[in-house]
Amino acid sequence: MTEKTITKKIPGGKLVRIDLSFEEVITDVKITGDFFLHPEDVLEKLEKEIIGLYVPLNKPSLINRLDRVIENNSAELIGVSTIDIVNALTEVTQ
Amino acid sequence: MKFRLIPLREFDAYTNMALDEAICESIQNDESIPVIRFYTWKPSAVSIGYFQGLKNEVNIDECKKQNVDVVRRRTGGGAVYHDEEITYSIIGPVDIFPKDIIRSYEKICQYIVYALAELGIDAKFSPINDIVVDDKKISGNAQTRRDGILLQHGTILYDVDVDKMFSLLKVPDEKTADKLIQSVKKRVTRILDYGDIPKERVVDVLYKSFSKDKEITVGNYTKKEIERAKELVESKYNTERWNNLR
Numbered sequence: 001m002t003e004k005t006i007t008k009k010i011p012g013g014k015l016v017r018i019d020l021s022f023e024e025v026i027t028d029v030k031i032t033g034d035f036f037l038h039p040e041d042v043l044e045k046l047e048k049e050i051i052g053l054y055v056p057l058n059k060p061s062l063i064n065r066l067d068r069v070i071e072n073n074s075a076e077l078i079g080v081s082t083i084d085i086v087n088a089l090t091e092v093t094q
Numbered sequence: 095m096k097f098r099l100i101p102l103r104e105f106d107a108y109t110n111m112a113l114d115e116a117i118c119e120s121i122q123n124d125e126s127i128p129v130i131r132f133y134t135w136k137p138s139a140v141s142i143g144y145f146q147g148l149k150n151e152v153n154i155d156e157c158k159k160q161n162v163d164v165v166r167r168r169t170g171g172g173a174v175y176h177d178e179e180i181t182y183s184i185i186g187p188v189d190i191f192p193k194d195i196i197r198s199y200e201k202i203c204q205y206i207v208y209a210l211a212e213l214g215i216d217a218k219f220s221p222i223n224d225i226v227v228d229d230k231k232i233s234g235n236a237q238t239r240r241d242g243i244l245l246q247h248g249t250i251l252y253d254v255d256v257d258k259m260f261s262l263l264k265v266p267d268e269k270t271a272d273k274l275i276q277s278v279k280k281r282v283t284r285i286l287d288y289g290d291i292p293k294e295r296v297v298d299v300l301y302k303s304f305s306k307d308k309e310i311t312v313g314n315y316t317k318k319e320i321e322r323a324k325e326l327v328e329s330k331y332n333t334e335r336w337n338n339l340r
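So the protein sequences, as listed, match chains A and B.
Residue numbers are given in our numbering: position 91 of the first sequence equals residue 91, and the series is strictly consecutive.
Residue numbers are given in our numbering: position 180 of the second sequence equals residue 274, and the series is strictly consecutive.
The set of hints was computed from the structure by calculation and includes no laboratory data.
All values derive from a computational prediction rather than experimental measurement.
We put the CB at the ideal spot given by N, CA and C, even for glycine.
There could be a bad hint or two in this list.
In silico SDA-like links for lysine to any residue, alpha-carbon gap of 25 Å or less [unchecked claim]:
no. : chain 1 : residue 1 : chain 2 : residue 2
1   : A       : Lys4      : A       : Ala88
2   : B       : Lys330    : B       : Arg168
3   : A       : Lys9      : B       : Thr333
4   : A       : Lys45     : B       : Asp290
5   : B       : Lys149    : A       : Glu91
6   : B       : Lys218    : A       : Ile78
Reference listing, derived: stretches of chain B covered by chain A, where coverage requires no fewer than 3 residues with Cβ under 8 Å from a Cβ of chain A [unchecked claim]:
no. : stretch
7   : 137-146
8   : 163-177
9   : 252-265
Modelling step: build the complete structure from the supplied sequences, incorporating the hints.
Shown next, in the form of structure tokens:
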């Protein structure tokens, strides 16, 4: 099992840190940082969407999945985007 | 628009966060008109954003040693060391604020900008959630919208001990800690940098500025809010479960 952490300061935005456990599939993910998300509990739903995915990640598909979670929950991410999260995830799993 | 303004009072960190939530409930249950409250923190405290990892952000042993409380907020944003500052919360139904989140930050932050202007300090709103003077941060703000209620709280720095702050907060890389502290000292400012302005005067201009476009009733916390806040301190804000959530 590989455990990795990546921290990204989004230009003009906030800081996001991802702690990830994975081998062939992602077994655990924790997204932390000083960003905003309304409503806040949607973050757990985003994390659930990431767990179980095969590595290497399919970037466009994951962005779509996370965008769907945001949309279905009428949520709004501020200071970080789903693209930023997926970019960080892709970088850390490479 | 009618508001209840609750003048500055001192509480511990857990009670401060619990009072915000208790007032949100009062408004949600139609037991209160919207509220603006001002408060300080005793003992001094570190609050962390809802999404932050406690152990990533806070030097917990050092906080214990220096008798500094640590609490997780309901709002996002970054870690804040609350000591010589004035904190406000504005709470009301979401529909009395701009729908757009950044616009609503701006609208509320303008009250602080106007108050600082009264003190001769030329501040401006800096999206997403800061107020700056000459590009230096003087106020940080954070917002949540839950169950139809908007809560925004924020701090106005009156004085700041950056060295103490960094003994309590974790710095990403110990090797560059000194550099970081120096850079924060250059990027953060406080009211006392602009003259020997008494805290009471700052509080007074804040009351006036926040009251300007509202019908204000000066009031207090209700008995029910105090009781509910006590419950929330015990069941939530002063618990490992909540503060270690992430």
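Each hint, compared with the structure:
With a CA separation close to 11 Å, the supplied pair Lys4 of chain A and Ala88 of chain A stays within the 25 Å bound. Simply put, Lys330 of chain B and Arg168 of chain B have alpha-carbon atoms about 11 Å apart, close enough for the 25 Å limit, and the pair holds. Of the pairs offered as hints, the one joining Lys9 of chain A and Thr333 of chain B is violated, with about 30 Å between alpha carbons and a cut-off of 25 Å exceeded. With a CA separation close to 49 Å, the supplied pair Lys45 of chain A and Asp290 of chain B exceeds the 25 Å bound.
Between Lys149 of chain B and Glu91 of chain A the CA atoms are separated by roughly 24 Å; this keeps the pair inside 25 Å, and the hint holds. The straight-line distance between the Cα atoms of Lys218 of chain B and Ile78 of chain A is roughly 20 Å, inside the 25 Å bound, and the hint therefore holds. Taking a C-beta to C-beta cut-off of 8 Å, the stretch 137-146 of chain B contributes 4 residues in contact with chain A, enough for the three needed, and the coverage statement holds. Here the stretch 163-177 of chain B counts 6 residues with a CB under 8 Å from a CB of chain A, which clears the bar of 3, and the coverage holds.
Proximity of the stretch 252-265 of chain B to chain A, defined as three or more residues with a beta carbon under 8 Å from a beta carbon of that chain, is not established by the 0 residues found.
Hint compliance for this structure: hints 3, 4, 9 are broken, all remaining hints hold.
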